[in-house]
Amino acid sequence: MTESERYTVISADCHAGADLLDYKPYLESRHHEDFDAWAATYVNPHEDLLADTADRNWNSERRLAELARDGIVAEVVFPNTIPPFFPSASLMAPAPTREEYALRWAGLRAHNRWLADFCAAAGGRRAGVFQILLNDVDEAVEEIRRSVTAGLTGGLLLPGTPPGSGLPELHARVYDPIWAVCAELGVPVNHHAGSASPPLGEEPAARAVFMVETTWFSHRALWHLMFGGAFRRHPGLRLVLTEQGSGWIPGVLEMLDYYHGRLVAAATRADTAESKFGAGLADQMGKGPSEVWRENCFVGASFMRPHEAALRERIGLDKVMWGSDYPHDEGTYPYSREGLRAAYAGLPRAEVAAMVGGNAARVYGFDLERLDALAAEVGPTAEELAEPLKEPPADATSPVFAPGGSVRVW
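For the sequence shown, this note's numbering assigns the number 1 to the initial residue and increments by one for each residue that follows.
Derived from the structure by calculation, the hints contain no laboratory data.
Honestly, I wouldn't trust all of these hints.
Now the in silico label distances, taken between C-beta atoms and shown as ranges [stated by the list, open to error]: (1) E142 x E202: 32 to 38 Å; (2) D395 x E28: 42 to 48 Å; (3) D52 x E387: 29 to 35 Å.
It should be emphasised that the depicted structure is a prediction, and the values quoted were computed from it without experimental measurement.
The beta carbon of each residue, even a glycine, is placed where N, CA and C say it ideally should be.
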C-alpha cells in the first residue's frame, strides 16, 4: 500500500430508521387503524429525532453523500427511530407485555421491511441489522429467515433480557432455535450497547448509574452464551458486541477463563462447597472462554480510542471493526478521518486496513473489491491516517477525542 492509496472504510456501527408515518405502508393493513390512532397522539421523546438533521436517518441520498465526504463507503445499519407501537427507539425499549406483544411485533417487522428497501437503495453499501423479539421463539425464527431472504445481510439484533424483563436469561436452552438458524444461514448475532439495561428512573443519579452500568449489562450476552453452551451446540454461531468499547475484552476474558477453570476443576471434587457450581459446565461449554472468543466472537469497536488500539493484538486483529456511529452526536461524523488518525496513526497499514474495513467486509458479507473502487475516490489516504492528530476539532463531540482515555473495568 503506497502513501497515496486509500483505505476502504466500512462503519460497523451506524443507525437509521423511517420517519414515523412512513412506516405505515410497511405494516399489514389490518394494523393500519391501530397505527393511525397511535400515531395521532404519539409524542416523540428524542430531541435528535425532532431536529432539522433527523432526516439523516431515512434520507438515503443525503446519508450516502455525508458518509462519502467523511471517507466511509459502506455501513452496518442498526435501528434508531421509533417503530410503530413502541414507546421509544426499539433498541432500548423494554420487552413488551403479553398485551403489547402483537402490535410491537408488527411494528418491528414493519421496520425490517422498510430497512430492506433502504439497503437495496444503496447498491451493496448497507448491511441492514434486522430485529426480533424473544417472547415467541418460533415467530423469531420465521422472521430471521424472512429477513435474510429479503436481503438484510447485517444479521440479527439480539434484544437484552435485563432483570425484570420477564424473559428467560440468554443462557437458556429455549433460545437454541434462534442460534441454530443464525448459524445455518451464516448471519451474525449482534448485541448493541443500551439494549440490556434495566429501567432505573429519571433522577440525575439514575442517569449517571445508567452510564456506568449500561456497557456491563450489554457484555452479559457474551458470558451467557459462552457458559450456556450456545457455541458448542452451534459452532458456526458468530456474536458481535457493538458500541460497548473494546479495551475491557482482554481482562474480561482472563476473568472468564479463571472462573471456567476454577469451576470445572471444582466439579471433580464432590466434597467441596464449590463443586455444585461447576457441575456439568465442562460438558455444556466445551471449549474455554478465550478459545470461544477466538473462534466465534467479534467487536464493533465504535470510535475506537488510542488506548484500545494498543490492545488490538490481545483482542484479536481479525476481531476489531471500527464504527462511526453516524448520525449520533457521540459519533465521529463529520470528523471520521480525524477520529481514525487519533486511534490508528503510526500503526502498520495492513492492520489499519483490517480494522477499518476488511474485518467488517468478512463478517457482514460486503463485496470488498466493489467497495475498493469507490474508496479509491473518497477514502482516506494511507499518508493521511499515518499523521498523528495533534489537536481534535474544536466542535467534535465524539469520545474518541476526549482526553485521558484509559482501559475500563468493563
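Hints violated by the structure (numbers, ascending): none
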